[in-house]
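Novice: In the order they appear, the protein sequences are chains B and A.
Counting in this note's numbering, the first sequence runs from 1 upward without gaps.
Counting in this note's numbering, the second sequence runs from 1 upward without gaps.
Keep in mind that the hints were calculated from the coordinates and are not lab data.
Hints may contain errors.
[Stated by the list, open to error] To give an idea of the chain B side of the interface with chain A (calculated C-beta under 7 Å), a few residues: (1) C56; (2) C61; (3) Y297; (4) R319; (5) S321; (6) L325.
Think of the CB as a built atom: it goes at the ideal place given N, C-alpha and C, for glycine as much as any other residue.
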Amino acid sequence: MLELTGIINWIHETLMANIPASWLVSLIEYVLIGAGFLALYAVLALILIYFERRICAFFQCRLGPNRVGPFGVFQVIADMVKILLKEIISVKHIDKVLFYSAFFIVIMGSFLTFGGLQFARGVHGADFNIGVFYLLAVSSISIVGVLIAGWASNNKYALIGSMRAGAQVISYELSAGLSLLTMVILAGSMNLSTIIEEQADAWFIFQAPIPVLIALVIYLIAGHAETNRGPFDLPEAESELTAGYHTEYSGIQFGFFYLAEYVNLFIIAAIATIVFLGGWQPFHIVGADGFNAVMDYIPTWAWFFGKAFALIFLSLWVRWSFPRLRIDQLLHLEWKILLPFGLFNLVLMAVWVIIFK
Amino acid sequence: MINYLKSIFSGIWALMQGMYITMLNFCRKKVTEPYPENRGKHQPFERFRGELTMPHNENNEHKCTGCGICQMNCPNHTIKVITKNITTEDGKPKRVLDQYLYDLGSCIFCGLCTQVCPQKAIAWSNHFEHAVFDRSTLVKQLNHPGSKKVENPVVAKPAAPAAAAKPANDAPKDNNENKN
Chain B
1 MLELTGIINW IHETLMANIP ASWLVSLIEY VLIGAGFLAL YAVLALILIY FERRICAFFQ
61 CRLGPNRVGP FGVFQVIADM VKILLKEIIS VKHIDKVLFY SAFFIVIMGS FLTFGGLQFA
121 RGVHGADFNI GVFYLLAVSS ISIVGVLIAG WASNNKYALI GSMRAGAQVI SYELSAGLSL
181 LTMVILAGSM NLSTIIEEQA DAWFIFQAPI PVLIALVIYL IAGHAETNRG PFDLPEAESE
241 LTAGYHTEYS GIQFGFFYLA EYVNLFIIAA IATIVFLGGW QPFHIVGADG FNAVMDYIPT
301 WAWFFGKAFA LIFLSLWVRW SFPRLRIDQL LHLEWKILLP FGLFNLVLMA VWVIIFK
Chain A
1 MINYLKSIFS GIWALMQGMY ITMLNFCRKK VTEPYPENRG KHQPFERFRG ELTMPHNENN
61 EHKCTGCGIC QMNCPNHTIK VITKNITTED GKPKRVLDQY LYDLGSCIFC GLCTQVCPQK
121 AIAWSNHFEH AVFDRSTLVK QLNHPGSKKV ENPVVAKPAA PAAAAKPAND APKDNNENKN
């Protein structure tokens, strides 16, 4: 029907029928998958930038970009072309190797995470038994890029910004990890496809409402902080640090940081969707077969992206509502509130699983 | 421990109130005017200072006495009041307005001229499309050709209104200054 598995199988069978060597088929498929992920990466970033600008404008009672194309949808493409054509200013007295590799590390971190996500039924790059662990691990790589960028720029603002980013991300990784661990207890597996299969009848948030809701809120706050956005945008606090860790970057180098920021926003929402809200599983009520059949007509990729974008909207709502935290308030929130609650929630979830499962 | 939990839940409640307010803003009507599309329909708000005008009634009469207070108060010498002397029907000499020149190009829209005008003869209009191809067209004559001062002003004055108006209106102005 509208599922993507049909197209994927068709490509696979066509290649198998026409190319004799199976290693060549595999190679071509790997290249196709890579190109597909790159295209998805770029398109998602463009969509998110447009989405953010419109939503932000609506929260401020403006209309936002609405001139280029219908509803201004081509504005982001024009901006992309602009940023590609901009001059790359070469900075003196920098650590050249680190300076020019920092943004690739940032991009690489978010791109590696893409490989582990599950976008629809049977649509994913890699599916392995430590999926949650892998996502946590590779999504933290980008902070290394941020630290390198701040250090190599030889600029006090950039250094302060990247140090703040380091303190922030390392702290909030704990809460994010704890809340995902809570969900791993409920699912009984770290494998993303198993986690999603477990939620076929009811999403985790309906299976164990209290601990899952606490974990979801903690994860969203921690994830929001990890993307360096919203009330947690201390690393690039423009009123104090010019632009933070990417002060010295220009043109497409800055574009890479920008791109990674927006895709990280999507990645956080996607992980939350998969682990808490059932991934691509349609909304099902046990017993109501007619209703379930209607829900099944909606393609799974629409379910996944719908839920992810709902979470992204929530994140934008938070971002445009609250003022920026001070660094001590930021650390207070993590170490004195989120972490105790996360630990308590871990125990609560264990008890819940023993009693109800 | 109680205080700790209480502060957390009151904090969450406060954050949710903030998000409620922003959601109200999200759903509110947007203030942006899609300008070229709503051209003609768009009405700027009342106090918007578009350009200086001199309202004329249906008999092509205005209220300006040519006293020149606006010209004296204008910080940029944007206004130039040119008067002429005529002889009225009963043989008395009288000073009337000849040309009221207003240079839109140097106006800073401070509004001092309309504030000080004793006759309320000049007013701001909402017209805001000022772009022209030649700077000299920005100098406008505000009194219509062939117009004259409206006779019998609301407050009944002695025979020479131009002479009477000035001291009569200087007095309240001085009072204001004393008060301030």
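Novice: None of the hints should be skipped; say for each whether it holds.
Specialist: Results for each hint:
With a cut of 7 Å, the hint placing C56 (chain B) at the interface with chain A is violated, because the nearest CB-to-CB distance is about 10 Å. Interface restraint check for C61 (chain B): the shortest CB-CB distance to chain A comes to about 5 Å, inside 7 Å, so the restraint holds. The interface hint given for Y297 (chain B) is violated, since its Cβ lies 30 Å from the closest Cβ of chain A, which is over the 7 Å cut-off. The restraint placing R319 (chain B) at the interface with chain A is violated, with a minimum CB-CB distance near 10 Å, outside the 7 Å limit.
Against a cut-off of 7 Å between C-beta atoms, the interface hint on S321 (chain B) holds, since the closest Cβ of chain A lies about 4 Å away. With a least beta-carbon distance of about 12 Å to chain A, the hint placing L325 (chain B) at the interface is violated under the 7 Å criterion.
In summary, the structure is inconsistent with hints 1, 3, 4 and 6 from the numbered list given earlier, while agreeing with the others.
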